[in-house]
Amino acid sequence: MGFRIGVLALQGAVSEHIDAFRLAFELMGSTGQSSVIPVRNADEIPDLDGLAIPGGESTTISRLIDKNRMRGPIEEFEGGIFATCAGMVLMATNVDDPRLTTLGLIDMNVMRNAFGRQKESFEADLKIRGFDSPYHAIFIRAPVATSCGTGTEELSRIEKGIVAVRKGKHYALAFHPELSVDTRLHVRFLEGLHE
Amino acid sequence: MKLEELRFGTELLKRGFASMQKGGVIMDVVNAEQAMIAEETGAVAVMALERVPADIRKAGGVARMADPEIVMSIIDAVSIPVMGKVRIGHFVEAQVLEYLGVDMIDESEVLTPADEQYHIDKTKFKVPFVCGARNLGEALRRINEGAAMIRTKGEAGTGNIVEAVRHMRAIMGEIRMLKGMDSQEQIDFARDIEAPAELVIECARMGRLPVVNFSAGGVATPSDAALMMQLGADGVFVGSGIFKSSNPKIMAKAIVEAVNNFNNPEKIAQASRGLGDAMPGLDIHTLPEDQVLQYRGR
Chain A
1 MGFRIGVLAL QGAVSEHIDA FRLAFELMGS TGQSSVIPVR NADEIPDLDG
51 LAIPGGESTT ISRLIDKNRM RGPIEEFEGG IFATCAGMVL MATNVDDPRL
101 TTLGLIDMNV MRNAFGRQKE SFEADLKIRG FDSPYHAIFI RAPVATSCGT
151 GTEELSRIEK GIVAVRKGKH YALAFHPELS VDTRLHVRFL EGLHE
Chain Z
1001 MKLEELRFGT ELLKRGFASM QKGGVIMDVV NAEQAMIAEE TGAVAVMALE
1051 RVPADIRKAG GVARMADPEI VMSIIDAVSI PVMGKVRIGH FVEAQVLEYL
1101 GVDMIDESEV LTPADEQYHI DKTKFKVPFV CGARNLGEAL RRINEGAAMI
1151 RTKGEAGTGN IVEAVRHMRA IMGEIRMLKG MDSQEQIDFA RDIEAPAELV
1201 IECARMGRLP VVNFSAGGVA TPSDAALMMQ LGADGVFVGS GIFKSSNPKI
1251 MAKAIVEAVN NFNNPEKIAQ ASRGLGDAMP GLDIHTLPED QVLQYRGR
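Each protein sequence line maps, in turn, to chains A and Z.
So the first sequence is numbered by this note's numbering: it starts at 1 and just counts up by one.
So the second sequence is numbered by this note's numbering: it starts at 1001 and just counts up by one.
For reference, chain Z alone in the conformation it holds in the complex:
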C-alpha cells in the first residue's frame, strides 16, 4: 500500500471521527493536570483552553485561541483526542490548531468572533470541525460549510441548562415537524429556515441531523447531562461544570456515569450522591445582551 493510495481528511473520516465520540463526555481543561484527570475519569476527549467559559466571562475583553504551548502540553499529556477552540471565522487560528495536531476544532461563540459575516470554510481542512447551533437552520448552515459535528450553543459558563434545552428542543422539534411534510413543503421550509434544501430533505429522511449532535453550554450536574441525552443528544460537552465544581474528579466520574446510564434513574441517583457543590450558576435573564454568547454567529 503506497502513501499516494491513501486518502486523508475526507468527509467520511471527519464524520466517522465524530461518531466515535458518541455516548461520551468531552471535558474542558486548561492544563495537563486537568487533562489527565479527565482521561482517568472516562472523558472521550478533552477541549484544550486557556480559560474555561466561566472565567472568560469574568475576564472580559477579547477571547482568542489558546496559547500553542498550553495546547501542546495537553496533547502530550493524554492519549484521548484533544480538541481546541477558534474564533468564529478565524481560519488562521484553525490552520494553527490543525498544524499543532488538534484532533477536532470547535469554531466557537465562546471566543470573540473574528468575522461577523462568514464562518470558516471547513471543507478546506483535513481536521474535522464542531460548531454550535440554536436551531435546525443554523445547524444545517454549519454542516453545509463542512462541520462534521453539531453541538447546541446553550449559554456557556453559566451552569444553567435552560438554553441548551431550548436549543436541543428546537432542533429535534423542527426535525419531527419535517417528517410530516411533503417534499414541496420541505423545500418551502428550507427557504424559511435559510438552509440548503438537500440537507433539509436528508434530515427528514433520516429523522435526525446527518452528523453527530452533542449538547453543550450549561451542563453542571449528572442530571443535566442525562436530561440532554434523553432529549436526543448523542453526547455531552462539559465546560466549566467540572473544574469549577468543588470536587472535579468525583463530578467528572458522575457525569460520565450519568451519560452512560441516561435512562436509568437509579444509576443517576447513585452517581449524584455526595458530589459537593456544583459550579455557581447564573440567571441568564440578568445578563446584559452583549454578554449573551449564543447570539454570536448565525
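Only chain A is shown next, with the shape it has when bound in the complex:
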C-alpha cells in the first residue's frame, strides 16, 4: 500500500526528511505507489496520509504556520504527524516558553533547549521500545518532555526526560532521525498510518 507524505516546508531540515522518507519507501518496497512532497500551502494538508514537522526553530515555524494560515488544517489533520525536535515542541500541550503558541496535539509538558547550547549538543545510542538494537540519535539544542499525559506511549527516556513519544498515529521525537542513516523510525511511523 502506498503513502502520501508531506513535509512542512516553512523552515528547517526539510530536504533531509524527504530523502529519509524516500529511503523508507524503498526499504518497504512501496516506492512506486508512494510520494513525499514539501508542503507550503494549507490546502495540500488534508489529502495527505502523514505530515512531518521538521527540526528548525520552533519560534520561527510557529510564526510561519500562522502567517500561512496552516494552524487549523494541521490541528484538524486526520493522518499521522511525525514531529522532530522543533516539531516535538510544537506538538506539545504545554511548553516552558509562554511566547510560543503550540498545536497541542500530544498531551505533554516540553522543555525547550533542555540540554543547553550548541556545544552541549550530542550523539548517543538510545534504547527505543520495540527496537531490538540501539538507535543512534542526534540531539541538537534538543527539547525533552518532562511528563506525558493519558493516551501517550513513552518510547524512550534518558536522565533529562522523555525523548520519544507516540500518541496513536503521531510521533514526537526530541532528536533528528532525518540526520541518521537509520530509517527505522520513519518506517515505523509509515506502518502505523494504515493500521
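Calculated from the structure, these hints are not laboratory results.
Any given hint could be a false lead.
Partial chain Z-side listing against chain A, Cβ under 7 Å, derived [claimed, not checked]: (1) 1006; (2) 1007; (3) 1020; (4) 1099; (5) 1260.
Just the calculated beta-carbon pair ranges, DEER-fashion [to be verified]: (6) Z:1076 x A:22: 47 to 55 Å; (7) A:41 x Z:1188: 41 to 49 Å; (8) Z:1196 x A:168: 45 to 53 Å.
Don't be surprised by glycine CBs; every beta carbon is placed ideally from N, CA and C.
Mind docking chain Z on chain A? Use the hints.
Okay, now just chain Z, sitting in the frame of chain A:
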C-alpha cells in the same frame, strides 16, 4: 546512558546545526532589545555584534570580536541560537566565544583579519563555524578547514546586493560546470581552483556544496532576500539591512516572509508594501580598495 557514552562536537552535529537554519533569516543585532525584536519577527538566529557592518565601515580602525558583556546580554535575552563574529585566523577570540556559549562562530572578513596566511583550524572546536566565500575554491578550502556552513561574502555594510549575486552565481555556476566533467577533468579543475579533489568530486556528485550555503553581504530588501534564495541560497544573513532601515520591525518581518515565499511574487509584493526607507546604499565602485571587505582572506 552515561556521560562518557555521549559524543559532542562531531562533524554531524555541526553540519546538522547548520541544516536547522535552512529557510531562515539570521539577523545582526547589537543589543538585547534588537535581539528580542529579531526573535519576535521570526529570525532563526541572531548575530551578536558591537556594531553592524555599516557602522564598522564608518568607524574605521581595527574591528574586533564584540565585548563579552554584549554577547552575554544577547544570549540571556533570546531562546533562538546566538552567533558571534571573530577575526579571520584569531583562534583565541573563537575560544572565548565558544566558552561564552555562542552557538555558531562566523570567521568574518567584516572584522580586521588577524592572520593573513591562515584561517582558524575549525576542526579543533566543538562549536560549528560559518565562513564567507566568493567562489567554489574558497568555499571548499573553508569546508576543508572544518567550516560547517558557507555564506557568500557579498560586500557587507553597503546595502548593495551586486557582490552577493556575483559570489552566489560563481559558486552555483562552478558546481554546474563540474557536473559535466569526467573524473580526470574534475581533479584537474580541483587543482585550478586550489581545492581538495575529494571535496570537488563530492560537490559534483551532490550537485551542491556538501554544507548549507547562505547568502550574506548587501541584503537590504525583501526582494534582495528572495533573489538570493532563487539563485540557490539555503537562507539569508541580514546585517545592516534591518536595524539601519527606517522601520526595523516591519522590515524584519517582511524579509522573513519573502524568504519563506521566495518563489511567490504575490507574497513578496505584499511583504514589500509600505516598508519605509531601506538602509542607505553604497556604490561599490566608489570604495577605495582597502575598504573592500571581500578581499580579506582567500
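Status of each hint after checking the structure:
1. 1006: Holds, about 4 Å.
2. 1007: This interface hint holds because 4 Å falls under the 7 Å limit.
3. 1020: holds (5 Å)
4. 1099: violated (9 Å)
5. 1260: Holds - the Cβ of residue 1260 (chain Z) comes within 7 Å of chain A, reaching about 6 Å at its closest.
6. Z:1076 x A:22: 47 to 55 Å: Given about 42 Å between the Cβ atoms, the range is violated.
7. A:41 x Z:1188: 41 to 49 Å: holds (46 Å)
8. Z:1196 x A:168: 45 to 53 Å: holds (49 Å)
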